[in-house]
Amino acid sequence: MSSNIKYNEEELVMLIKARNTAAFSYLYDNYAGALNGVIANLVSDQILAEDILQESFLKIWNNFEQYNPAKGRLFTWMLNLTRNLTIDTLRSKGYKKQQKISADENSVSMYADGSYGKASFDALGVKNYLGNLKQDQRVVLELAYFNGFTQEEIADTLGIPLGTVKTRVRTALLELRKILQDK
Amino acid sequence: MEKNEIISSGLLELYVAGLTTTEETRQVQDWAALYPEVATELAAIETAVEAQAMANALAPAAQVKDRIMAALATDKQAVTKETLPLPPIMSVVRPTSHPIWKWMAAASVALLLVGAYMAYGMYNKNKQYETQLAQSQQRLDSSLANSKLQQEQFLTGHHHMEAVMAGDIAAVALHKTDKAPDDCAAKVFWNKKTGEVFIDPCQMIAAPSGKTYQLWAIVNGKPVDAGLVKTGSVQDKFSIQKMKEFKEAQAFAITLEKEGGSAIPTLEQTYVVGEV
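Chains as they are written, first to last, in my numbering: chain Y, -14 to 168; chain P, 3 to 278.
Hints were generated in silico from the structure; no laboratory data involved. One should not assume that every hint holds.
The calculated PhoX-like cross-link candidates involving lysine-lysine, where the alpha carbons are at most 25 Å apart (straight line), are [as the list claims (entries may be wrong)]:
{"#": "1", "chain 1": "Y", "residue 1": "44", "chain 2": "P", "residue 2": "67"}
{"#": "2", "chain 1": "Y", "residue 1": "2", "chain 2": "P", "residue 2": "150"}
{"#": "3", "chain 1": "P", "residue 1": "181", "chain 2": "P", "residue 2": "232"}
{"#": "4", "chain 1": "P", "residue 1": "78", "chain 2": "Y", "residue 2": "44"}
{"#": "5", "chain 1": "P", "residue 1": "178", "chain 2": "Y", "residue 2": "2"}
Derived list of chain Y stretches under chain P, where covered just means 3 residues or more per stretch with a C-beta under 8 Å from a C-beta of chain P [said to hold, decoys possible]:
{"#": "6", "region": "0 to 10"}
{"#": "7", "region": "39 to 53"}
{"#": "8", "region": "60 to 66"}
{"#": "9", "region": "128 to 134"}
{"#": "10", "region": "157 to 166"}
Just so you know, these numbers come straight off a predicted model, no measurement behind them. Note that CB positions come from ideal geometry on N, CA and C, so glycine has one too.
Put together the whole structure using the sequences plus the hints.
In structure tokens, the structure reads:
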């Protein structure tokens, strides 16, 4: 199965490189929710979040030639592009990086504004399993992958030495992988 | 560093997050190319991050997609569903195993059933119907032969696509010239390392009978034959074709030539051209 999924990603990349809009529409349907979740974590203004999502996908389309499968999966590239665009947009509007930790144990997403789109969907059915991840591990993953914090900022936020950021991220990811595997 | 040290260093996790320095990034990419274990580890990290992002997904407002697709429609290079329907998309949309074959198998079975039903009816009726049976079976045969042909073409296309995806590929867009009678375009995928050249002629109109398209590589100002480009039936339109290999080229062009191709391009029949 996994080889099939990979093959399909290659095919998708191939078709989008050939400027196929139907393939791009498929890409949007599959990944817009995940990228929108990343944006919503950082932006509580819904109109602004929508604009950023739109900009992100147009950037993905316009810069698709730059995506190199040898350097990583398509989603990673889209994730980093979207996250960086979100941070740049916020910075240009004078926002500072913020991190609000919700006390809600079941909330994987810790920054979402309560008023905004609670109708999240769980494409891989892993949301409940992620609840098993320890709070501090969830936080470190969110900071590194979804909030675009630098190593220094992560160290500051968590109050840990810079040198241990790497190990913290790795430990949290190993735990996440274990949870994903067990399900 | 030993590969186990690399894997447990935590650097790969930072690489996926985009938190490595330029030097570290290059190093991780070198390691991934060198050690399959490192590449596998990277893929596992990426998959886990992707799963977490999926679990955090929030359905976006419907109008966002409408706005994006409307913006794409103004992109001149965009290929819309109408001009490129296609086998490949079907398998993208349904990620289970080879749905095209399943579809073809189902179609074949359905055709067989229709054929059998008709045969039964005709057996009990008259000779007039027997001719129809013959015709229907002929159609069935040619449809089965067609299915087989499509299957083969799909496999070849897939093989070429893998080759195209395999390395550092430069995509060269060939644009219509004033001499082309209709709207057309093509894309060349060129692996500068291996010299492999592939052509995707999906937006070329079928060559008129007795004529053929020929690809030329412009090497130091001189056109060099790169092989004949097949176009024609619907399924041919989508197949990416392997052409002659070039280590060096500054541009690619397609001309319309007599069947079998020419040694020297007919420049006044240059349809599309693109610089590398």
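Hint check:
no.: 1; hint: Y:44 to P:67; result: holds, 14 Å
no.: 2; hint: Y:2 to P:150; result: violated, 28 Å
no.: 3; hint: P:181 to P:232; result: holds, 20 Å
no.: 4; hint: P:78 to Y:44; result: holds, 16 Å
no.: 5; hint: P:178 to Y:2; result: holds, 19 Å
no.: 6; hint: 0 to 10; result: holds (count 10)
no.: 7; hint: 39 to 53; result: holds (count 6)
no.: 8; hint: 60 to 66; result: holds (count 4)
no.: 9; hint: 128 to 134; result: holds (count 4)
no.: 10; hint: 157 to 166; result: holds (count 4)
Hint 2 alone, counting from the list given before, is not met by this structure.
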